[in-house]
Amino acid sequence: MNGHVKSMNFQQFMEQATTLLSLLLVMAVDSTRAVAASRNQQCGNPLQQTLKLSRLIQKESVDLIKTYKASQGEMSDLFCKVSVNNIPDPNISGMEHSKRIVSIYTHLQDFLLHFNRVYDQQTDLQSSTSPLLTELEIVRARSIYLGELINSLYQSLFPNLPVLDPAGRPTTLPPPQNVFQQKVYGCVVLKTYKEFLLNVFQELRTLKKKKLCIRRI
Amino acid sequence: MVCARVLQLLALACLGSALPARVEADYYLMVVPQSPVLEMGTNFTATCVIINTSEVTADDLYWTLAGTTVPKEQYTKINGSALNVTVPITSEKTEWLMCKCKKKTTLFFIHNEGKLIHGIDLKKGYVPGKPENLSCEAVQQKQYISTTFSCEWQTVGSQTATVPTSYTLYTAVLPGSGQPYSVTTQKNRTQVKLGDTFPHYMTLEVWVEAHNKLGKIESEHLKEDSGWFVKTDPPSDVKVFSEKSFPTSLLINWTHLIPTIRLKLTYRIRYRQNGTQNWTPVPLGDTASDIKSFRLQDLQPYQVYEIQVSCKNAKEGHGYWSDWSTIVTKRTPEARPTSKPDLWRVIAEGDGKNERRVQFICKDPVLANGRIVSFDIKIQDPKDKVKNGSLEWKNIPRSSQGKITDLKQIDLADQKSVRVYINATNSVGKSDEASLFILAKARESELAPVEELKVFPHRGQLWLEWKPPNSTKLVSEYVVEWVGGAQIDWQKEKRNTTHTAIKGHLDKFVCYNVSVYPIYSGWIGKPARKEAYLEQGAPLEAPIVRLHKAGRNQATLNWTEISQGSRRGFITNYTIFYTSGTEVHNITVPANTASYTLTSLSGNTKYDTWVKASTIGGSKISFNHSFTTLRYAPGEMEFIVVGVSLGFLFIVVMTMLLCVYKKDVIKENFWPQIPDPGESTIGNWSPDYPLKADTPRENGLSGISVLDMDVCDGKCVFEEDKASLSLKKGKYLSEEHSSGIGGSSCMSSPRQSVSDSDEGGDMADTTASTVQYSSVVPAPPSGYKGQTPNSQPQQALFSRSESTQPLLDCEENPDVLQQEGSRQSQRSPPRPPRFTDGADPAGIAEQQELLEPLDFCPLGEDSEQATPVDGQAADWLPAAAPLSSYMPQLGGYRPQ
Chain A
0 MNGHVKSMNF QQFMEQATTL LSLLLVMAVD STRAVAASRN QQCGNPLQQT LKLSRLIQKE
60 SVDLIKTYKA SQGEMSDLFC KVSVNNIPDP NISGMEHSKR IVSIYTHLQD FLLHFNRVYD
120 QQTDLQSSTS PLLTELEIVR ARSIYLGELI NSLYQSLFPN LPVLDPAGRP TTLPPPQNVF
180 QQKVYGCVVL KTYKEFLLNV FQELRTLKKK KLCIRRI
Chain B
0 MVCARVLQLL ALACLGSALP ARVEADYYLM VVPQSPVLEM GTNFTATCVI INTSEVTADD
60 LYWTLAGTTV PKEQYTKING SALNVTVPIT SEKTEWLMCK CKKKTTLFFI HNEGKLIHGI
120 DLKKGYVPGK PENLSCEAVQ QKQYISTTFS CEWQTVGSQT ATVPTSYTLY TAVLPGSGQP
180 YSVTTQKNRT QVKLGDTFPH YMTLEVWVEA HNKLGKIESE HLKEDSGWFV KTDPPSDVKV
240 FSEKSFPTSL LINWTHLIPT IRLKLTYRIR YRQNGTQNWT PVPLGDTASD IKSFRLQDLQ
300 PYQVYEIQVS CKNAKEGHGY WSDWSTIVTK RTPEARPTSK PDLWRVIAEG DGKNERRVQF
360 ICKDPVLANG RIVSFDIKIQ DPKDKVKNGS LEWKNIPRSS QGKITDLKQI DLADQKSVRV
420 YINATNSVGK SDEASLFILA KARESELAPV EELKVFPHRG QLWLEWKPPN STKLVSEYVV
480 EWVGGAQIDW QKEKRNTTHT AIKGHLDKFV CYNVSVYPIY SGWIGKPARK EAYLEQGAPL
540 EAPIVRLHKA GRNQATLNWT EISQGSRRGF ITNYTIFYTS GTEVHNITVP ANTASYTLTS
600 LSGNTKYDTW VKASTIGGSK ISFNHSFTTL RYAPGEMEFI VVGVSLGFLF IVVMTMLLCV
660 YKKDVIKENF WPQIPDPGES TIGNWSPDYP LKADTPRENG LSGISVLDMD VCDGKCVFEE
720 DKASLSLKKG KYLSEEHSSG IGGSSCMSSP RQSVSDSDEG GDMADTTAST VQYSSVVPAP
780 PSGYKGQTPN SQPQQALFSR SESTQPLLDC EENPDVLQQE GSRQSQRSPP RPPRFTDGAD
840 PAGIAEQQEL LEPLDFCPLG EDSEQATPVD GQAADWLPAA APLSSYMPQL GGYRPQ
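Quick note, the sequences are listed as chains A and B, same order.
First residue of the first sequence: 0, per numbering that gives the first Met the number 0; consecutive thereafter.
First residue of the second sequence: 0, per numbering that gives the first Met the number 0; consecutive thereafter.
The shape of chain A in the complex, shown without the other chains (with noise of 0.2 Å):
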């Protein structure tokens, strides 16, 4: 009888030390979404303006090899067709979430400089008033920023991480080249930086699918 007695006691005691123990869980839990709800924030908006950023520039690089290709003249389909050497690969490397990001934004300073050079050439062969100057220093602006919440992004998601280094890695620019070498060269540069966005667009979605954020809580 007593052994009985006992066995209820504790079977209750069980039984409410177990529902403790759930609301515990529970409130742990609550309180764990709480604040991963507000890390994600913390790096959501990051990642939005990165994402949408890329988008814009983007689009706005397609619209800028049209006008590119409007402003040289004649043959200027075959410029886009030649192929030239030293130009960055517009294709993102990287195991990691962080080795792809230091990619997008070592690759995106690699570009810029090609990118300089080829306002450069442009300024010399287009008029003050030509529309593809605008719109070079736009797309050249907007990249400048783009690395700027590049970088932010990856400090926010990666703190722990070395600071990403705005030298960058050594890159090869070309030597003197003539006008149909510039144009050839300008169009090249162009076209692989749109490629280089898009790539860009596309991993930064995935890293809003893959809900980085959130996972890395």
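Keep in mind that the hints were calculated from the coordinates and are not lab data.
Among these hints, one or two may not hold up.
Calculated cross-link-like contacts (lysine-lysine; reagent style DSSO-like; alpha-carbon spacing at most 30 Å) [unchecked claim]: (1) B:222 to A:58; (2) B:192 to A:51; (3) B:141 to A:51; (4) A:193 to B:92; (5) B:263 to A:58; (6) A:65 to B:291; (7) B:407 to B:525; (8) B:141 to A:68; (9) A:208 to B:192; (10) B:222 to A:207; (11) B:525 to A:68; (12) A:51 to B:525; (13) A:51 to B:407.
Model the placement of chain B on the given structure of chain A, informed by the hints.
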């Protein structure tokens, strides 16, 4: 405090080591600190240091601020060569704080007076306040957002001209490693250029720093997504389409230059009926998405709508709403009228007796939903309906002028009632029927009117208030009708309405006859009426004043009534002004007066008068009218004339009465009894002496007794008989008023003969008609022919005969008399009177010549002149002329 003193001493030590080398040669006094900038409301302490001399001590120094000596209570002596002063900074003006040395008579002071003074310029200001309400915007520039970033803020606190506050706007693009863009201004707004492109999807941090010499302070930092600051242009190319199958809908399309990839926009739409003021917004939830078209629904058919569109950043809370696009107007398609036409009637007197002329009029339905082209009307006698059923409809085209259509006019007998039905037609369909009952005239009074109707203007409208009729019947609605001039209009009000405003157009200064008709289930009740003006003004015309009647002290003025169209308000009163040139008097009379009598006027005075007609909106003054009051009051002259006449009449009557009652006395006085010679006894005692034979002798000179008298005697006689000769004045002479026995013929009568030959004819008549009596001078008995004079001397008597008996000669010889009269009339100018008896005139002349030598002096001369004055003498001439012939009788006529 201790710290401050330490710092001050430190400064003095520095001065002691640094300044002397520099200013040694120039000054003996030095004030520190140099060129301070001071905050308003604080206390400032300066020190005056004596350098390079021991001739002057701190006791010799004193301070002046803005030319005024600072009281010694504010001084602090540090040592023998330094003196502090503390002054409060209260004035914003820049002031000079001077350290000076008291005047001394020492040689040193005299030689160095210009070096014993030093001062500093106190610049004052305020610590800058923290700028507030910072706001910035970036506007659209074609398909981009401009890189020009405009900000404005509110400044806080004051600043002075000597210590101005500057504002620096900082804008940082985040994330970023670069320096923020900045620009400095003195104003409260500025612009900054954000690089080569607007930083879409970046964060902008904006703040303002206010700074001056007294410090600096930053505003709150505005850290928002760049899209938060964007203000785009309104949508362009807004178009509105109507579709015939959707009369209550309009489709709106628009575009926007900003690509969605650059900025996602949200839109808002508002619309209103053309001519109205209030816009109806489309709920934002309906237009929140990135749309380029929208369909407005639940609109009124056939109405013109105005539509506008605006946009902003689609992100919630981001961006500013753009301005509204330009207004686009579009009319919705037509639909069938969805309300009844507004039917009414005007009743006037008919041509015949017991007949009314009823004009049916109507307005388009409120919800006409299109252009009404015609009305269908049917007039039905309630009795006929029972007999014949419904009558045919008559189509009447809508009036092309105005909103009221005259449908039909009928002559309706007073005892008859009719019911009228109409509907309205537009291009799509017909409206429901509206109906109206016209009661028999006798029954109209059975339907009670509204009570206590008030009509008054208020805020540019004419308002009505009334109380429902005191009737057991239920009012279904009210009709408010207003008639102004030839214009009639009406509006219908609900059954529970007790006050309303007239919604139709009303003109100012026009008198409206406003009526409220209760409608009892289609039967029109008795109306209540009032006159009212929307706004009253001064009359256009003034009354014309005319004098109706003027008296000596009063005058009645009439003035015309101002025509209804020119009154422009209710005449409140008339004010009559009148003046005689000195003081203007005025009298105010009620509006219903058109005549007034001015009293207390002065007689025979010219008055100017004018009338002012007043309304509550002003007044109009008539032209002057002048009149002159009478010299005499009406009747006053008549009273005088009548009075005088009565007085005269009284005198006449009294005279007549006197004559009547005192006839005997008068007769005795004026016509004494003359004995009739014919009846005298003397005739009896000489019966053989024929009367006829005697007559010529009496008329002739031979019959005249000549009175021999001297001048004195003559005068005496003249004096005695003066009264009896009063009638002989003027041109009438009593030459023939002679006397004489036997000569008392016609010529001896008291007739008045005229000496002027021109009046001889008249004289003849007068003689013939008036000579009836003669004054006979009684002669002494001795004078009578054939009589033996009484030997006894008789007393001189010379009196008139009072006999009224006609002279015998005249009666018996009228021919002789007439001839005598005619001869007299033919006489040439004044000639000495003579008696004619048929004797030879030559003999008379001879006798007269005989008379001339006689001493008859003055009397005879007077008679020749024949003047009225001498007439008295002339009377005596006839008696004197035959003097010689009657010499024998002379003694008989001498007065006794």
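Hint check:
| no. | hint | result |
| --- | --- | --- |
| 1 | B:222 to A:58 | holds (27 Å) |
| 2 | B:192 to A:51 | holds (23 Å) |
| 3 | B:141 to A:51 | holds (21 Å) |
| 4 | A:193 to B:92 | violated (65 Å) |
| 5 | B:263 to A:58 | holds (15 Å) |
| 6 | A:65 to B:291 | holds (26 Å) |
| 7 | B:407 to B:525 | holds (22 Å) |
| 8 | B:141 to A:68 | holds (23 Å) |
| 9 | A:208 to B:192 | violated (36 Å) |
| 10 | B:222 to A:207 | holds (24 Å) |
| 11 | B:525 to A:68 | violated (89 Å) |
| 12 | A:51 to B:525 | violated (78 Å) |
| 13 | A:51 to B:407 | violated (74 Å) |
Hints 4, 9, 11, 12, 13 from the list above are not met by this structure, while the remaining hints are.
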